[in-house]
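Engineer: Let chain F serve as the given structure and place chain X on it in line with the hints.
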Amino acid sequence: MSKPLQPVIVGAGPAGIRAAERVVRAGLRPIVLDEGQRAGGQIYRRPLIEDGRSYRSRYGSEAGKAQRLHQAFEALLPDIDYRPETLVWNISAPERGNQLDILSSGVHRQIGFSQLILCTGATDRVLPFPGWTTPGVYTLGASQTALKAQGCTIGDRVVFMGSGPLLYLVAWQYMKAGARVEAVLDTAPVTSKRYLLSLAAHAPRIVALGLFYGLQLQLAGVKIRYGVRPEAVLGTSQVEGLRYRRRTLTGEAVESIACDALAYGFALRPETQLADLAGCRFRFDARDRVWLPERDALGRTSRSDVYVAGDGSGIAGADAAEISGELAAAALLEDTGRALADAAGLVAAREAILRQRDILEQAFPFPDDWFETVPDETTLCRCEEITIAEGRRAIASGSITEINRLKALSRVGMGRCQGRMCSAAATELLSGACATSAGEVGRLRAQAPVKPIPLGFGGRVEAEVRS
Amino acid sequence: MSRRISVDVAIIGGGLVGSSAALAMRKAGLSVVLLDKGYCGAQASGVNYGGVRRQGRSPEQLPLSQRAHRLWPQLKAMIGIDAEYVRSGHLKLARTEKDFAKLEAYAEAVRDYGLGLELVAGSALADRFPWLSAKAVGASLCPDDGHANPRLVAPAFARAAERAGVTVLEQTPVREVTATGNGFAILAGDGIEIRCRQLVNSAGAWSDRFAAQFGEAVPLTRIYPSMVVTEPLPLRLPVSMGEQGGSFYGRQVARGNYVMGGGRGLPLTNADYSRPSVTAASSVMQRAIALFPHLADAQVIRFWSGTEAEMPDGNPVIGPSETTSGLFHAFGFCGAGFQTAPAVGEVLSELVTDGRTTTPIQAFSIGRFRKVAVETAASL
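Sequences listed follow chains F and X, in order.
Under the numbering used here, the first residue of the first sequence carries the number 1, and numbering increases by one thereafter.
Under the numbering used here, the first residue of the second sequence carries the number 1, and numbering increases by one thereafter.
Next comes chain F alone, as it looks inside the complex (with noise of 0.2 Å):
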């Protein structure tokens, strides 16, 4: 008889909740792993202490959606081996078995595993600019967890700054939090809200909600500028405001606002260390700007035993992870000999999104203009204290045309980190450098652990034995 399967899934967002309830649905029992203390990933973040805020309070226009995914999850808990606050900081090389090596409650354990469906998500994609490290200054993504887990915001009087959805949205969710919004600055010329337009034929409901949230906050008073490039984020040890340069009819205007706190984020990046890990074949995605594991439509890696699902597979946003979830684990299900249900409709559903997608990058456009103009002193990785000087003197001095160099020359990359946040910066400086596309530089090599463990995990190890 063979093994029975021991599925693993990596990830309790959207897109991991709902691979767990179909494999469930096989009669399956995954592991599923999770860093974050309770289900729903980062988008569904659910507070640490119920603190009597309502689903409506808390997530806005996604209330229904939140509610019924962790009301999903809650169903799923018997039929999963759910372990909430633990890290997979490596995979096992793909000819050294199966392995995973986990960290939860401080014990190390390396579980194996028939098949994995890594869920891993996003974080916000950083771009540097003058002042970028003050105290006060944080991340779209951070400043909606913020909210969402801690029912904080991250000032009184915050400004928002960036590209992408978010950007409205959480300044929208801060307004109704009780935060005086000081200002959207949209870094998008006005012009690209153009395709907009186009969006409104695939998807009326994003761009009314979108539009929803911009109208709430002008008449609020919120001020919304476009074709915005910050110059220095003033203060020292705290945000005091921002100058920024804009873009306007008669050329360009230096204008400053006051603030005690700036969120700002420029769209996502992928989490994709496991897939890299674990031997998983990547290709360059153009419009993310960034390395992804190679997928098929349901998910299927260049391992046959690896699975991908979710944001950490390409940025897509929540509803496409449920769905590609739910593929990911119909597509384990038809490999290890289930009868896939039909997935036609899913797959057309997901692709239906993805292409809403590409709209939105256009009227978000990432401002790859950044790096010709971010002066030299500013930081590019926090972790290392490397500035946007030290990585330019390194590219030139060097003659670098591929960022794993440029990490052996710079430390760019070399921090606690290991380049998850400073890399789109480090490729975005190289390719500008070398004139050429953030495709050309490569990718950073992933190395274990992913994320950092403590020195002294090595004295509690626990081996953990299955059949």
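Certain hints may be false.
In silico SDA-like cross-links for lysine to any residue, where the CA-CA straight-line distance does not exceed 20 Å [stated by the list, open to error]:
| hint | chain 1 | residue 1 | chain 2 | residue 2 |
| --- | --- | --- | --- | --- |
| 1 | F | K176 | X | P232 |
| 2 | F | K148 | F | E85 |
| 3 | F | K451 | X | D297 |
| 4 | F | K223 | F | R243 |
| 5 | X | K76 | F | R96 |
| 6 | F | K451 | X | A185 |
| 7 | F | K451 | X | W304 |
| 8 | F | K451 | X | P232 |
| 9 | F | K451 | X | V229 |
| 10 | F | K451 | X | T279 |
| 11 | F | K65 | F | R38 |
| 12 | X | K76 | F | R393 |
| 13 | F | K193 | F | G227 |
| 14 | F | K451 | X | K76 |
| 15 | F | K223 | F | A253 |
| 16 | F | K451 | F | G106 |
Beyond 12 Å from chain F on every Cβ pair, some chain X residues (computed) [what the hints assert, rightly or not]:
| hint | residue |
| --- | --- |
| 17 | A28 |
| 18 | L30 |
| 19 | A156 |
| 20 | R175 |
What the hints contain is simulated information worked out from the structure, not anything from laboratory work.
Backbone N, C-alpha and C define an ideal beta-carbon position, used for all residues, glycine too.
Structural biologist: Relative to chain F, chain X alone:
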């Protein structure tokens, strides 16, 4: 693309040995091309621990090691950077009386080489090294040994060589090399033809292929370090540490990170690549806490491994080929070539220009494996 290059010397392998040889030969007035299949210093020279250590080497390596010892402080003048080289001292611990006896015997055996070893035992250990929490019976300190940053040294040698006029060709694998009678013909990269009078094989873990081509099969095996790096921490460990007979070594770099290693990484199916071993790494982590309890709550931010070459007798191969005139070998440094490499570069330059060197290298002759190779061939 096709390109023809004619030089005095071609060097295969842009690690620390090849790069420092290129610089030394250029300074001696030779025209040189330096070839690397990847990036200079990206293999063993870049992935090693960074120990600039004489202590613990076999006596036959010490003249070479002493020559290197005189070169390391001159890095800034030679290559433009000091590569974070510090003479921190190298402290080798003995956990047992038996191990301490070995340290004593070693100190006696190398007395004439000028390492200045200091043996410390018993309670004097805690007096002298109060930061050391380990239960050790004794230790041997080599005060002028130290460490440097391996990521930086070889690339800087290669750049310095380039500035001095060496043609450095990275991402240029050697596809074919043949002896022409009065030199060598090399096909490399994307249609590059090189003619040279003399050839240096310093291709690290890939050197055995070139040696075998010239009828000099060697019993080279690949080894893979297994390294652990912590987040930056307050400076506290003033020396580079080792253990007699143990498998732990560690140092704290200027940035504050503890760089530690021990045991071996795991080769992948393609033996050019490897992964750190979680088993080896966790054993290093346990040992680190035994030595430095204050590290228990520190965070490990990175493991690494790489590919190095080892010879069965623990010594490298350095010297002229015994089959082919004009060919020189320098490889197989057994995970301990970082410190000696700048001297090996000078030795190679002397061999190429004068046919001899002032540093004794007889023990490293490739001929010492001839008998082994013949026996192996006979038994097949």
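Engineer: Take the hints in turn and mark each one as holding or not.
Structural biologist: Here is what the structure says about each hint:
no.	hint	verdict
1	F:K176 <-> X:P232	violated (41 Å)
2	F:K148 <-> F:E85	holds (18 Å)
3	F:K451 <-> X:D297	holds (15 Å)
4	F:K223 <-> F:R243	holds (14 Å)
5	X:K76 <-> F:R96	violated (43 Å)
6	F:K451 <-> X:A185	violated (49 Å)
7	F:K451 <-> X:W304	holds (14 Å)
8	F:K451 <-> X:P232	holds (15 Å)
9	F:K451 <-> X:V229	holds (12 Å)
10	F:K451 <-> X:T279	holds (18 Å)
11	F:K65 <-> F:R38	holds (16 Å)
12	X:K76 <-> F:R393	holds (18 Å)
13	F:K193 <-> F:G227	holds (11 Å)
14	F:K451 <-> X:K76	violated (36 Å)
15	F:K223 <-> F:A253	holds (15 Å)
16	F:K451 <-> F:G106	holds (14 Å)
17	A28	holds (25 Å)
18	L30	holds (23 Å)
19	A156	violated (9 Å)
20	R175	holds (22 Å)
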